[in-house]
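Student: Chains E and W are the protein sequences, given in the same order.
Read the first sequence against our numbering and you will find it ends at 1403, with the numbers running on by one and no gaps.
Read the second sequence against our numbering and you will find it ends at 184, with the numbers running on by one and no gaps.
There is no bait here: all hints are sound.
Some chain W residues near chain E, calculated using beta-carbon distances under 8 angstroms:
#1 Leu7
#2 Phe63
#3 Asp69
#4 Tyr75
#5 Thr176
Hints were generated in silico from the structure; no laboratory data involved.
Just so you know, these numbers come straight off a predicted model, no measurement behind them.
Even for Gly, the Cβ is constructed at its ideal location relative to N, Cα and C.
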Amino acid sequence: MSRRSVDREDPDRLYTVTGGRTRADETAFDSVSLIVGECEPTPGMQSEHAKILQLARRPMAVVEISAELRLPVSVVKILLRDLLDTNRITVRHPSAITRAGRPDPETLKQVLLALHDL
Amino acid sequence: MDALKIVVVGGFGVGKTTLVGSVSEIRPLSTEEVMTQASVGVDDASRVRGKSTTTVAFDFGRITLDASRVLYLFGAPGQQRFWFVWDQLFAGSLGAVVLVDTRRMEDSWYSIDRLEHHRMPFVVAVNRFTDGPSLEAVREALALAPDVPLIDCDARKRSSGKHVLITLVEHLTRLHEGSTQ
Ligand SMILES: Nc1nc2c(ncn2[C@@H]2O[C@H](COP(=O)(O)OP(=O)(O)O)[C@@H](O)[C@H]2O)c(=O)[nH]1
Ligand SMILES: [Mg+2]
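Can you make the complete structure from the sequences, with help from the hints?
Tutor: Given below as structure tokens:
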């Protein structure tokens, strides 16, 4: 698998995609927050926004959207922020573990059962 | 639907992508994260261009566990610059797997240090390319605490990858029991 790295990517492209912003509110999205599209793309919409709405017809994790769009996760988070602010997507945050905390025993038990059945 | 994550870390060529692929229901996908130095004046294009960035590539797979849970498995390099993006990407992970090649054990020292620093529970899996040293010798070389699980694996085999994940989740369960007694 070889992919262009953004190191070699025209910085202007990333700049254009995000309208010049370089940071999203980091707390709004986890890398595995599931994104659910709440509307169809509309004509004239920025193409990255339209693609995200197409992908998120079924719940899709932030990293999956990033891989599909071939854009870094942090850039995708900025695009998602736009869609969230205009109510075009909803977000399901991972709930099983908090940033500081540990998983609850019931979750671990269910994960273990599911892995054994794999 | 709730998403969970587990991170596989290790040196280049140690078998991370192979392990992720052998247990994933999708072909591993790859993407990347960039860390841009904290900035002022983000409205000024020239400054954005001039800023230094760190790029870290990683791949991931997905396992649908049951009707309400999906597990994302990340394969990520263990070298120093990767840990820059740990908080962005992998905070909140259940735990980690350190994949070790016995011919290059020093590749995993840094990862083990960082996981301990982040208080992230982990297991160590030796991906056997050659016979190599015994698990006891590996434990000593890595200065692993006695309670850190250390197992052999063959990343190409689904059953082996599954065993690695089960070993990690059993370890997490024991840690949880220990902390509530
Ligand atoms: N003999 C052997 N080869 C393996 C094993 N796991 C991976 N490989 C091979 O080692 C190479 C590197 O593996 P890869 O998963 O790409 O490593 P990564 O850089 O850590 O993602 C590939 O050619 C794999 O086929 C294993 O358990 N045993
Ligand atoms: Mg790889």
